[in-house]
Amino acid sequence: MLTLKVITENKEEVIRRLAKKRFNGAEIIEQVVELDSKRRALQTTLDANSAEMNNLSKVIGDLFKQGKQAEAADAKTKTAELKEAIKTLGADLDATEKKLNELLVTIPNLPHESVPEGKGAEDNLVERTGGQMPNLPEDAMPHWDLAKKYDLIDFEMGVKITGAGFPVYKGKGARLQRALINFFLDNAREAGYLEVQPPYVVNAASGYGTGQLPDKEGQMYHCQVDDFYLIPTAEVPVTNMYRDVILQESELPIKNTAYSACFRREAGSYGKDVRGLNRLHQFDKVEIVRIDTPEHSYESLTEMVNYVQTLVDKLELPWRILRLCGGDMSFTSAITFDFEVFAAAQKRWLEVSSVSNFESYQANRLKCRFKSEDKKTQLCHTLNGSALALPRIVAALLENNQTPDGILIPKALVPYTGFENI
RNA sequence: GGAGAGAUGGCAGAGUGGUCGAUUGCGGCGGUCUUGAAAACCGUUGUACCGCAAGGUACCAGGGGUUCGAAUCCCUUUCUCUCCGCCA
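-18 is the number of the first residue of the first sequence in this note's numbering; add one for each residue after it.
Just so you know, these hints were derived from the structure itself, not from any lab. All residues carry an ideal CB built from backbone N, CA and C; glycine is no exception. Do not rely on the hints blindly, as some may be mistaken.
Claimed, not checked - In silico lysine-lysine, BS3-like type, Cα no more than 30 Å apart, as pairs: (1) Lys357 with Lys236; (2) Lys236 with Lys295; (3) Lys197 with Lys(-14); (4) Lys64 with Lys19; (5) Lys39 with Lys59; (6) Lys197 with Lys(-8); (7) Lys236 with Lys348; (8) Lys(-14) with Lys80; (9) Lys1 with Lys197; (10) Lys197 with Lys80; (11) Lys64 with Lys39; (12) Lys357 with Lys151; (13) Lys39 with Lys68; (14) Lys328 with Lys295; (15) Lys100 with Lys(-14); (16) Lys197 with Lys236; (17) Lys153 with Lys392; (18) Lys46 with Lys64; (19) Lys68 with Lys79; (20) Lys1 with Lys59; (21) Lys328 with Lys352.
Unchecked claim - Simulated restraints on C-beta separations: (22) Asp254 with Asp225: 34 to 40 Å; (23) Pro385 with Arg170: 35 to 41 Å; (24) Gly111 with Lys348: 37 to 43 Å; (25) Val226 with Lys(-8): 28 to 34 Å; (26) Asp43 with Lys64: 35 to 41 Å; (27) Gln178 with Val226: 46 to 52 Å; (28) Arg21 with Glu(-6): 18 to 24 Å.
With the hints as constraints, model all of the structure from the sequences given.
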C-alpha cells in the first residue's frame, strides 16, 4: 500500500497519478487525509494521558513505600478518570487506524510516469519485438491437437482426477516440462539469482504481505481447515521471506529465483482463452524476485526484462514486449512489461511473462526495509518477473516447431530434454 | 492424534508486581594500541508512533483480564520444542 507520507504530502499529485490507473481517488484520498489528522490528534492526547498516568502510578508507589497509606488512597481515586479516558482514546485510536488501513489497502499503486495512458489491453505499447515468425502450412495444428497426436498431454485424464485446467503430462510431454524447469533455473542461477525452494502453501499473513489478500481472495485455493492458501505464484512465498525484515544496504540487490507449481482458480474466465494450455488452474513457473534500493530498482527492472528476453531468444520463439498501459496494469504494480510469444497455429500472442517494479508498495505492507549507509531505515523496492511460465511456452513450442516429421526441440533445450524431436 | 515444556532485543540467555526498553555474553559499529591484522581495553548498538523541538507514548509471540502500577499474576489463541503413536 501507499505510505501515509506520500498521500498526505502530495495529495493532488497522488490523485492525478491514480487517474492513469483509472482509479478515481479524489474522495478516498480526502478521507485518508482526514482520518490521518484525526489519528494524530488522538495519539497526542492519548500519549499525554498515558504520561500522566505513568507519573501518578510512580507517585502512588512512592507513597506506599513511605507508608503514607491515606495519601496513596487519595491519589488512587484520581486514576480512575484517567484510566477511563485512556481506554476510550485507545479504542478510538484503534478504530481510526483500522478504518485508515481499510482505505489504504483499496488504493492501488501509483503508475510510473513512463506508463502510457489507456483503458485496457488494446492500449498497451509494443516496446520491441524479436525472433523469427515460423512459416506454417494452412493445416497446422493447434497445440491441443498436437498434444493428443503425440500423446504428450492428457486433458481428459486431468478432468477425471481433478477437473478442467489440471492436465496430465505424459512421456515426452512430461520430460519437456522437467527440461524447461531445469533450463530456466540454470539460466537464472547463471545470471546471479539464488535458487530457493519455497512452500507451495502459505498462511494468510503472507497472502496479505504480497497483496493477494484481501484483494484477490477468490482467486486462490483456500485450505479452510488450516487457513492456508495455495500459492498463485512463487512470488508470494519468496517475497514473504523478507517480510518484517530490515536488510543492510550492502546486501542489496537481493536476487532470488524459484520454481513452483502455481494454483489459480481463475474464477470468471471462459471461452477461447482457456483452450488447451492457454489457461490452467495448475501450472509450472520459474519466478525471479529482486529486493533493491529505490535508487537502483529501475536499473534492476531493465536487467530483468533483458534477462527474460535472452530466454525467449534461446528458445527461438517470436516474441514481443509490451509496456502495459495504466488501465491494464495490476493493482500493486508501478510499471509492468509483459512478454508475449506468438503461437503460430492459433495465430495468437500468448503472455508468458510479466515483469514489474512494485517500488515500495509491496514493501510497505511487508515491512521490508533496509538500513542505508547513513543509518537511515527506509522501505525497499520489490520487483518480480516470470522467467518463465511453462504452459504457453509449451503451446508455442509445439505449434511453431511442428513439421511432417515431428516437433523439433530448440537447440538450447536439447541438453535438457535428451531428445531432439517429438 | 496423545502427553509435557516453552515463546524476552541480530543470536544466546537472565529477569516472577514498581527503581525494566529490560542484567550479561556473543555478534555488529566506532575508537585506543599495531607497519597491518589478531588479542586486549574503552565506547556504542531495537522498532514504530506523536511532537518544530525538548521530550513523550507504545511494543518482552497475538488478543483479553486483574492492579494505582504487568515482561512478571490470570484467561485465551497461535506457534515452537521434547516424548509417544502414525507415516513419506
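Results of checking the hints against the structure:
| no. | hint | in the structure |
| --- | --- | --- |
| 1 | Lys357 with Lys236 | holds, 23 Å |
| 2 | Lys236 with Lys295 | holds, 22 Å |
| 3 | Lys197 with Lys(-14) | holds, 26 Å |
| 4 | Lys64 with Lys19 | holds, 21 Å |
| 5 | Lys39 with Lys59 | holds, 13 Å |
| 6 | Lys197 with Lys(-8) | holds, 27 Å |
| 7 | Lys236 with Lys348 | holds, 18 Å |
| 8 | Lys(-14) with Lys80 | holds, 17 Å |
| 9 | Lys1 with Lys197 | holds, 22 Å |
| 10 | Lys197 with Lys80 | holds, 20 Å |
| 11 | Lys64 with Lys39 | holds, 15 Å |
| 12 | Lys357 with Lys151 | violated, 54 Å |
| 13 | Lys39 with Lys68 | holds, 20 Å |
| 14 | Lys328 with Lys295 | holds, 21 Å |
| 15 | Lys100 with Lys(-14) | holds, 29 Å |
| 16 | Lys197 with Lys236 | holds, 26 Å |
| 17 | Lys153 with Lys392 | holds, 16 Å |
| 18 | Lys46 with Lys64 | holds, 23 Å |
| 19 | Lys68 with Lys79 | holds, 16 Å |
| 20 | Lys1 with Lys59 | violated, 56 Å |
| 21 | Lys328 with Lys352 | violated, 50 Å |
| 22 | Asp254 with Asp225: 34 to 40 Å | holds, 38 Å |
| 23 | Pro385 with Arg170: 35 to 41 Å | holds, 38 Å |
| 24 | Gly111 with Lys348: 37 to 43 Å | holds, 39 Å |
| 25 | Val226 with Lys(-8): 28 to 34 Å | holds, 31 Å |
| 26 | Asp43 with Lys64: 35 to 41 Å | violated, 19 Å |
| 27 | Gln178 with Val226: 46 to 52 Å | violated, 19 Å |
| 28 | Arg21 with Glu(-6): 18 to 24 Å | holds, 22 Å |
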